[in-house]
Structure formats: structure tokens, C-alpha cells
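What follows is each chain in one-letter form.
2 protein chains.
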Amino acid sequence: MSIDQKHIEDIPLFIENRDFAAIRQLLIGLPHADAAELLQHLSPVQMAVSFRLLPKTAAAEIFEYIDADHQESLIRALGDNDAAGILNAMSDDDRTAFLEECPEHAVQLLALLDPAQQRVALQLLGYPENSVGRMMTTKFVSIRQDWTIHHALEHIRDRAKDVYYVHVVCSVDDSNRLLGVHRIRDIFLADPKSHVRDLPSAPPLYLKVTDTQEHAVKTFRKYSRTIIPVVNGDMKVVGIVTVDDVLETATEEAAKDIAFLGAVEVPEEPLLRTPLHRLIRQRAGWLVILFIGEMFTATAMGFFEDEIQKAVVLSLFLPLIISSGGNSGSQSSALVIRAMALSEVTLSDWIKVFRREIISGIGLGSILGTIGFARIAVWHELFPSLYGEHWFLIGVVIFFSLIGVVLWGSLAGAMLPFLLRRLGFDPAKAAAPFVATIVDVTGLVIYFVVAATILRGTLL
Amino acid sequence: MSIDQKHIEDIPLFIENRDFAAIRQLLIGLPHADAAELLQHLSPVQMAVSFRLLPKTAAAEIFEYIDADHQESLIRALGDNDAAGILNAMSDDDRTAFLEECPEHAVQLLALLDPAQQRVALQLLGYPENSVGRMMTTKFVSIRQDWTIHHALEHIRDRAKDVYYVHVVCSVDDSNRLLGVHRIRDIFLADPKSHVRDLPSAPPLYLKVTDTQEHAVKTFRKYSRTIIPVVNGDMKVVGIVTVDDVLETATEEAAKDIAFLGAVEVPEEPLLRTPLHRLIRQRAGWLVILFIGEMFTATAMGFFEDEIQKAVVLSLFLPLIISSGGNSGSQSSALVIRAMALSEVTLSDWIKVFRREIISGIGLGSILGTIGFARIAVWHELFPSLYGEHWFLIGVVIFFSLIGVVLWGSLAGAMLPFLLRRLGFDPAKAAAPFVATIVDVTGLVIYFVVAATILRGTLL
Numbered sequence: 001m002s003i004d005q006k007h008i009e010d011i012p013l014f015i016e017n018r019d020f021a022a023i024r025q026l027l028i029g030l031p032h033a034d035a036a037e038l039l040q041h042l043s044p045v046q047m048a049v050s051f052r053l054l055p056k057t058a059a060a061e062i063f064e065y066i067d068a069d070h071q072e073s074l075i076r077a078l079g080d081n082d083a084a085g086i087l088n089a090m091s092d093d094d095r096t097a098f099l100e101e102c103p104e105h106a107v108q109l110l111a112l113l114d115p116a117q118q119r120v121a122l123q124l125l126g127y128p129e130n131s132v133g134r135m136m137t138t139k140f141v142s143i144r145q146d147w148t149i150h151h152a153l154e155h156i157r158d159r160a161k162d163v164y165y166v167h168v169v170c171s172v173d174d175s176n177r178l179l180g181v182h183r184i185r186d187i188f189l190a191d192p193k194s195h196v197r198d199l200p201s202a203p204p205l206y207l208k209v210t211d212t213q214e215h216a217v218k219t220f221r222k223y224s225r226t227i228i229p230v231v232n233g234d235m236k237v238v239g240i241v242t243v244d245d246v247l248e249t250a251t252e253e254a255a256k257d258i259a260f261l262g263a264v265e266v267p268e269e270p271l272l273r274t275p276l277h278r279l280i281r282q283r284a285g286w287l288v289i290l291f292i293g294e295m296f297t298a299t300a301m302g303f304f305e306d307e308i309q310k311a312v313v314l315s316l317f318l319p320l321i322i323s324s325g326g327n328s329g330s331q332s333s334a335l336v337i338r339a340m341a342l343s344e345v346t347l348s349d350w351i352k353v354f355r356r357e358i359i360s361g362i363g364l365g366s367i368l369g370t371i372g373f374a375r376i377a378v379w380h381e382l383f384p385s386l387y388g389e390h391w392f393l394i395g396v397v398i399f400f401s402l403i404g405v406v407l408w409g410s411l412a413g414a415m416l417p418f419l420l421r422r423l424g425f426d427p428a429k430a431a432a433p434f435v436a437t438i439v440d441v442t443g444l445v446i447y448f449v450v451a452a453t454i455l456r457g458t459l460l
Numbered sequence: 001m002s003i004d005q006k007h008i009e010d011i012p013l014f015i016e017n018r019d020f021a022a023i024r025q026l027l028i029g030l031p032h033a034d035a036a037e038l039l040q041h042l043s044p045v046q047m048a049v050s051f052r053l054l055p056k057t058a059a060a061e062i063f064e065y066i067d068a069d070h071q072e073s074l075i076r077a078l079g080d081n082d083a084a085g086i087l088n089a090m091s092d093d094d095r096t097a098f099l100e101e102c103p104e105h106a107v108q109l110l111a112l113l114d115p116a117q118q119r120v121a122l123q124l125l126g127y128p129e130n131s132v133g134r135m136m137t138t139k140f141v142s143i144r145q146d147w148t149i150h151h152a153l154e155h156i157r158d159r160a161k162d163v164y165y166v167h168v169v170c171s172v173d174d175s176n177r178l179l180g181v182h183r184i185r186d187i188f189l190a191d192p193k194s195h196v197r198d199l200p201s202a203p204p205l206y207l208k209v210t211d212t213q214e215h216a217v218k219t220f221r222k223y224s225r226t227i228i229p230v231v232n233g234d235m236k237v238v239g240i241v242t243v244d245d246v247l248e249t250a251t252e253e254a255a256k257d258i259a260f261l262g263a264v265e266v267p268e269e270p271l272l273r274t275p276l277h278r279l280i281r282q283r284a285g286w287l288v289i290l291f292i293g294e295m296f297t298a299t300a301m302g303f304f305e306d307e308i309q310k311a312v313v314l315s316l317f318l319p320l321i322i323s324s325g326g327n328s329g330s331q332s333s334a335l336v337i338r339a340m341a342l343s344e345v346t347l348s349d350w351i352k353v354f355r356r357e358i359i360s361g362i363g364l365g366s367i368l369g370t371i372g373f374a375r376i377a378v379w380h381e382l383f384p385s386l387y388g389e390h391w392f393l394i395g396v397v398i399f400f401s402l403i404g405v406v407l408w409g410s411l412a413g414a415m416l417p418f419l420l421r422r423l424g425f426d427p428a429k430a431a432a433p434f435v436a437t438i439v440d441v442t443g444l445v446i447y448f449v450v451a452a453t454i455l456r457g458t459l460l
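Line order of the protein sequences matches chains A and B.
Count the first sequence with the working numbering and you get residues 1 to 460, in order.
Count the second sequence with the working numbering and you get residues 1 to 460, in order.
Please note that a few of the clues may not be correct.
Note: identical chains are not told apart, hence a pair may lie in one copy or across any two.
Result set (DMTMM-like, lysine to aspartate or glutamate): computed pairs, CA atoms no more than 25 Å apart in a straight line [said to hold, decoys possible]:
| id | residue 1 | residue 2 |
| --- | --- | --- |
| 1 | LYS352 | ASP67 |
| 2 | LYS352 | GLU9 |
| 3 | LYS6 | GLU101 |
| 4 | LYS256 | GLU101 |
| 5 | LYS236 | ASP349 |
| 6 | LYS352 | ASP69 |
| 7 | LYS352 | ASP4 |
| 8 | LYS236 | GLU129 |
| 9 | LYS56 | GLU307 |
| 10 | LYS193 | ASP244 |
Keep in mind the hints are simulated off the structure, nothing from the lab.
Hey, can you work out the whole structure from these sequences and the hints?
Here's what the structure looks like:
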């Protein structure tokens with residue numbers, strides 16, 4: 001499903017004709033996410049005009065689906081009164097996300113909130129960035145274990161006016177400490193005269209307010225929940241995390257990995273809206289670091305200048321040899337990063353992976369080495385002058401170099417994610433370009449040393 | 001949260017002492033996902049013994065959390081009677097996933113099902129792989145628009161015994177065609193004497209049974225839902241998709257991207273459990289293709305053998321130059337793949353991206369070129385004999401080559417994902433190693449052509 005091109009063209013016409021009822025009807029008739037998408041296609045003024053026509057609750061809900069850039073310009077176009085209405089009616093987790101995105105106006109915007117909402121917003125923004133506290137909502141329903149089911153249902157019905165998610169509720173003791181997590185289905189099915197404490201309940205699953213968002217994603221995935229309560233250090237329930245925010249976080253984490261794997265910083269804005277000078281600055285950082293790393297290849301090559309002078313033929317195969325090391329290293333690092341992301345492999349498995357990579361590296365190196373040797377043999381048959389009388393020895397050099405370089409690339413690529421995780425970094429930073437850079441320098445040393453050993457007395 | 005090491009050690013002791021009550025209590029006391037994880041740590045026999053102690057419903061639910069390999073061996077260890085019990089009690093979406101994983105036993109396992117379950121299982125397996133039909137469950141509640149709220153609530157309560165998800169229900173007409181999607185909260189809050197048709201309802205969001213799972217992930221993300229109904233070609237409701245399966249699919253899609261980006265096939269089994277010969281075969285495919293691609297570097301180098309012979313100094317910078325092209329290409333492709341994954345960029349944006357990459361490429365190339373020139377100038381000051389009297393011209397060659405190679409790398413890297421998507425492939429296949437291979441051959445041609453132009457009459 002996606003929005004209709006016609007709708008985008010309709011709204012400006014409606015505005016021109018002052019047919020405001022039509023705009024309201026159009027926007028309310030769409031799912032909120034589509035209404036938000038439609039608004040984002042309008043000019044800032046058209047957007048503000050249309051938005052002001054919406055009933056308050058719908059406005060707040062549609063606002064939550066608008067992206068951060070448009071949210072900011074819309075809030076500014078609306079004026080303080082309307083802006084205050086929206087901000088107070090927003091759900092608190094989405095509000096935290098919005099305020100995070102515009103730090104320079106956050107104080108101004110906070111001032112627009114009711115005292116109660118202000119307290120909530122400040123509390124949520126007080127949790128560390130990227131923590132569960134920053135993604136939770138404080139609007140949830142809890143019931144007491146000593147209540148009857150009848151009383152609990154009355155309470156839930158009562159609270160449902162203000163709370164968006166009621167299909168999972170926590171039960172707590174009289175100090176608000178978490179005791180159980182119940183599905184509305186089970187409450188529904190229970191005898192109204194029985195007590196909450198008699199409900200079926202798995203041991204309550206919870207997140208701590210200081211847990212990382214990555215941990216939240218893993219927990220949701222593992223336990224297949226839609227809502228998980230959040231507790232503070234005293235096990236008191238302070239909020240809930242809902243699966244829609246988790247799905248969003250999971251997608252962003254995955255996109256972050258893609259950026260890492262290409263050795264660029266994670267862009268903060270959509271690609272086409274990032275000013276070019278900023279994009280160049282972001283890319284230049286890693287590119288320069290990689291470039292400086294690669295400079296060691298020039299230094300290393302310097303040591304073998306004599307060999308190259310004597311046997312220029314060696315230089316012909318240089319790009320082939322070193323890129324094979326980089327490619328096998330990229331494969332190994334991708335396999336390990338992926339296995340870590342899926343929790344198939346932990347830090348302590350490094351030695352198992354290391355042993356397996358030795359066999360894989362030698363196996364793959366032999367395959368490439370054989371192809372490399374065959375290529376030289378065939379070319380020698382076709383053009384006997386190309387590699388001269390020593391073609392066989394050159395082939396042997398290529399064969400053994402490829403085994404060495406692929407083995408080294410596989411080991412380095414597989415171990416780098418472990419090393420990064422051990423040092424507390426994201427293993428996904430072991431991107432192909434970094435692996436290739438590390439492997440290039442060593443790869444060419446391996447190549448020339450193998451060549452020097454085998455060709456001594458003949459070509460060298 | 002994770003399971004306790006002590007629990008893993010306890011179970012074998014309990015089995016030895018024939019203390020079966022203790023095992024049952026331990027497993028039931030854990031969240032199902034943890035009980036499943038614990039079982040997977042046991043030997044196949046211990047696992048089957050422990051599993052048989054569980055009450056039927058708990059057994060089916062815990063079974064759903066066990067990974068496919070262990071599921072298969074467990075089912076075989078259980079014997080037909082117990083296996084049939086589990087398979088019939090499983091939720092149908094998880095059963096489809098399980099049957100997908102063991103195609104060679106699927107027929108045998110299908111035979112164990114009750115006729116009704118058999119029909120459902122065959123129906124679901126009849127949908128194309130990777131379609132919404134393969135991830136949906138047919139257990140859902142629908143209510144009729146002409147019912148009263150009171151009647152609807154009675155119906156939901158009644159169905160809740162068999163249906164896991166009741167917090168969102170569809171309303172349908174008398175031919176089971178989708179009319180609305182309602183949250184249990186709204187039904188709760190409505191006047192029991194009013195009718196279902198009076199409930200607040202956004203236009204119903206739905207998935208088609210033939211939609212791709214990727215589309216399902218995008219829809220869940222965009223509209224923040226926990227349940228979306230699935231309709232067939234006649235708009236009749238045939239099932240629902242729940243967010244937990246979507247989160248799982250989203251994670252797997254992301255992991256697939258990681259594998260692609262390292263130029264390996266997506267492994268089907270956990271890394272450490274994949275037999276090495278299969279892993280080597282999987283990796284060898286792409287590695288050989290990349291190797292053959294890189295062979296063209298040797299061919300291209302052959303054309304410049306004379307130049308290298310005359311000015312060996314040129315070969316020293318070769319790895320540096322061509323790797324810079326590969327690195328900038330990896331960055332561009334990662335940025336474009338990421339933007340496509342987040343739906344920031346569509347096919348028609350290619351020309352905008354192309355124009356922006358021209359500027360980025362020249363900008364980044366100039367930065368690297370300047371550093372490269374500076375390095376030669378500084379080294380010349382330190383070791384005047386290194387590059388000889390023509391150091392300045394060599395520096396100029398490096399400067400312009402880097403601009404050319406980085407520009408070319410950026411353009412090729414940015415356009416490859418567009419090309420792949422245009423041809424119907426996954427743009428994430430534009431992995432760093434492929435980009436690097438394409439760029440290496442062209443990069444060295446650019447380098448030697450620039451060198452030949454600038455150094456003609458001096459070094460060459």
C-alpha cells in the first residue's frame with residue numbers, strides 16, 4: 001500500500017478553493033502513516049494549513065508518523081498554541097524520539113508542555129542515549145495481585161481511555177514492584193470472582209531502564225513478545241516498551257551495519273537531503289584512514305623494488321594476489337559478524353572459528369592457486385614468450401602465494417570481529433575495506449617472500 | 001536474561017535420580033524461550049526424556065522456540081504418538097516454518113496430523129516460498145459488523161481458548177470479506193448495546209496472501225501494527241500475520257544483507273555447525289568468480305609492462321591507487337544500499353545520485369590526491385634518491401590518478417545497486433568485493449594512462 005499520487009495533487013486545489021472539509025475528510029480517511037506521508041509531500045505552508053484542520057487526537061497520532069525534519073518545521077509553522085496541543089497529546093516515547101532529533105529547540109519545546117508532561121519528558125530524556133528508558137512509554141496499565149478479575153477488568157476498561165496498549169498488563173505489589181505479566185486474553189477467560197494472583201503467569205520477563213536498545217531488540221526477538229515492562233533498580237515498573245519501536249530500532253541497527261560494512265559513518269539524514277559538503281566530510285574520515293593504512297603497501301613495495309626491476313612479470317600478478325586475500329577476508333568477517341548478530345557465536349568461540357578458518361583458508365587458497373597456475377600454463381601455451389622459460393616457477397610462486405595470502409586473509413577477517421567485540425566495539429566495524437587494507441600490506445609481503453624463495457638463482 | 005548454567009547441569013542429575021517432577025517444575029517455571037534454550041543444551045536422549053514430561057500445551061509452545069535442527073531430531077526421538085501430539089498442537093505459522101526446514105521428512109510429518117490440521121498445513125505450504133501465506137496463521141477471531149458489541153465480546157471470549165492473539169480482531173461481511181480491523185481496547189470501551197459497525201475503524205490495512213515477506217516487514221514498520229489481516233484475491237480474510245514473525249524475518253533479512261556484503265552465500269545453518277566442506281564450497285563460488293574478474297588486472301597490467309620496466313617506481317603506488325578506488329566505491333554502494341533499505345531512494349533517483357557522486361568523487365579524490373602528493377614530497381625531502389629528479393612529476397601523476405580512480409570508484413559503486421535493482425536482483429549484492437573487483441581493473445588503466453600522459457618524454 002502506498003499513497004495515491006492524485007491525493008498529493010488534490011490538497012493544493014482544495015486549499016485554493018478553501019474546501020477545508022475535503023482536506024480533513026481525506027486525511028482522516030487514510031491510515032495515519034499514509035496521512036503523514038501525504039503531508040510530507042506538501043510545501044511547509046500547505047502542510048501547516050492542512051494539519052491545523054485535524055481533530056486533536058488524530059493530529060497527534062499523525063504527527064508521530066511524520067519524519068523528524070518535517071516534524072520540526074511543522075511545529076515551528078504551527079505557532080505555540082497548536083504546537084503545545086500536539087506535544088502534550090503525543091505518546092511519550094515518540095515525543096522523546098522527536099526531542100532527541102532537535103536538541104537545539106528541545107528546551108523551547110519542553111516549555112510548551114503541561115507540568116505533568118514536562119516531568120515525564122524530562123525523566124525520559126534523563127536516561128542515557130540508546131537506553132531502554134529512551135524508547136519506553138510511561139502510559140501503561142498495572143493491576144494489583146489482590147484484586148479480583150472483575151475489579152481488574154473494570155480498572156483496565158477505565159484506563160483504556162488514556163492508554164494505547166492494554167492487551168498486556170503488569171501485576172504489581174503495593175509498592176509497584178513487578179510480580180507478573182498477563183495477557184488480556186487470560187484475564188478475559190478467567191473467572192471474574194477469582195483473583196489476579198491466580199492468573200496463569202510465566203515468570204515475568206522485564207527490561208531494565210538502563211539496558212541498551214540492542215538488548216531490547218534481542219529480548220523481543222527471543223521471547224516473541226509485543227510488550228515488555230521496564231523496571232528500575234528497585235524492580236518497580238516505570239514503563240513499557242512496545243514491539244513497534246523495537247521493529248524500528250531493529251531496522252535502524254541493520255541499516256547501521258550496512259553503513260559500517262561500507263566503511264562510512266552512519267548518516268543522520270536521508271541520503272539525498274544530506275548536504276554534499278557534510279557527506280564528503282563524513283566519507284573523507286574513513287577514506288583517509290584507509291588511505292594512510294594502504295600507504296604501507298608503497299613502503300613495503302619499496303623493499304622489493306629490486307625484485308620487481310629484475311622480474312617485472314611479478315608485478316603483473318600483484319593486484320590479483322592481494323585482492324584475493326582481501327576477498328577471502330571479507331567473506332570470513334561477514335560470516336563471523338552475521339553469526340554474532342544472530343547470537344550463533346560468542347567471544348569464547350574464537351578458537352573454534354580460528355581452527356576452522358585454517359582449514360577453509362588452505363582449501364580455498366588451493367582452489368584459487370590451482371586456477372592461477374592453470375591460467376599461467378594455458379597462457380604460456382598460447383603465447384610462449386609472455387612468461388618465458390621460467391613460466392613453471394612463476395606458476396608455482398602464484399600457487400603458493402595464493403594459499404598463503406588466502407589463509408592469512410581468512411584468519412585476519414575472522415579474528416577482527418572477535419577483537420573488536422573484545423575491545424568493546426561493534427564487530428560490524430570489521431568491514432571489507434578495513435580487512436582488505438590490513439590484508440593488502442601483509443599479502444604483498446607474503447607474495448614477494450614466496451617469490452624470492454622460489455625464484456632465487458633463476459629469475460631473481 | 002539468559003539461562004542459568006546450573007540448570008543445564010541439574011537436568012542430567014535429575015534424570016539420573018529419576019526425579020521427573022523436578023525437571024517438569026524447572027522447565028515450566030522458565031519462560032518458554034528459555035526452556036527451549038535449556039533443552040537444546042542437553043543430549044538428544046536427555047532432551048527427549050525431559051520433553052516428554054511436559055504438559056501438552058506447554059510442550060507445543062516450547063517446541064516452537066527450539067531451533068530447526070533440534071526440532072527435527074527431537075521429533076524423531078519422540079516417536080509417532082508424541083510427535084503427532086506436538087505437531088497438532090503447534091501454531092500453524094510455526095509449523096509451516098518447521099516443515100519448510102525439513103523437506104525430506106515433511107510428508108511423513110504431515111501424515112501425523114489430524115485431517116483438519118493436515119488441510120491447513122498443506123494450504124499454507126501451497127503458498128510460494130517467501131510469501132505472506134508462508135508466515136501467517138489461520139487462527140484468528142473475526143466478528144460480523146451487524147453483531148452487537150455484547151455479542152462480539154462473548155464471541156471473542158469464546159474463541160480466546162483456541163486463538164493466541166485476540167487483541168486485534170477483523171470485522172467481516174457475511175461472505176467473510178474484510179470490512180474493518182478493531183482493537184480490543186475499542187471494543188472494550190464501546191457501549192455493549194451498540195454495533196460492531198459503529199466502532200472507530202481506520203480504513204482496514206491488509207496484506208495479500210501472495211505479497212512478499214519483505215513487503216510485510218515494510219508494512220508493519222510503516223503502520224506500527226502488531227497484527228495485520230491477510231486476504232485472498234476475493235478480499236476474504238484467510239489469516240493474520242503477527243509482529244513477532246515479522247521481527248524474526250526482519251532480522252534474517254538484515255543478516256542476509258551482511259552475508260551478501262561480504263560476498264558469501266547466505267548460510268543455511270549456524271556457522272559452527274556447517275560442515276567445513278560445505279562452507280568451503282559455498283565460499284569458493286563467489287571467490288572464484290571474483291578471482292576470475294581480478295585476472296583481468298593481470299591482462300591489463302600486461303599492456304603496461306614496458307612502462308613498469310622503465311619506471312618501476314610506478315608499481316610501488318599501484319596497490320595504493322587501486323585500493324582507494326575500491327574503498328570509495330564500497331562507501332558509495334553502502335550508502336545507496338542503505339538508503340534503498342530505508343526507502344529513502346528509489347530507482348528514479350539514480351540521476352540525482354549520479355550527479356552528487358561526481359562532486360563527491362572529485363572532492364574525495366582531491367583530498368586523497370593531496371595527501372598522496374604530500375607524502376611523495378616529504379619522502380623526497382627525507383630520502384632524495386628514492387624518487388629521483390622526477391619526484392614532482394610522480395607526485396602529479398599520483399594526484400590526478402587518485403582523482404580519476406576515486407571518481408570512477410564512487411560512480412561505479414553508487415550505480416551498481418541501481419543496476420542490480422533494475423535487473424530485479426537484490427541491491428545488497430553490490431558488495432564491497434564486487435565493487436572493488438570492477439574498480440581494480442579500470443583503476444589501474446586510469447593510473448597507467450595518466451602516468452603515460454604526464455611522464456612521456458621524461459621517465460617514460
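Taking the hints in turn, this is what the structure says about them:
no., hint, in the structure
1, LYS352 <-> ASP67, "between (45 Å within a copy, 21 Å between copies)"
2, LYS352 <-> GLU9, "between (61 Å within a copy, 23 Å between copies)"
3, LYS6 <-> GLU101, "neither (31 Å within a copy, 45 Å between copies)"
4, LYS256 <-> GLU101, "within (17 Å within a copy, 30 Å between copies)"
5, LYS236 <-> ASP349, "neither (37 Å within a copy, 50 Å between copies)"
6, LYS352 <-> ASP69, "between (47 Å within a copy, 20 Å between copies)"
7, LYS352 <-> ASP4, "between (54 Å within a copy, 23 Å between copies)"
8, LYS236 <-> GLU129, "within (21 Å within a copy, 45 Å between copies)"
9, LYS56 <-> GLU307, "neither (78 Å within a copy, 74 Å between copies)"
10, LYS193 <-> ASP244, "neither (34 Å within a copy, 33 Å between copies)"
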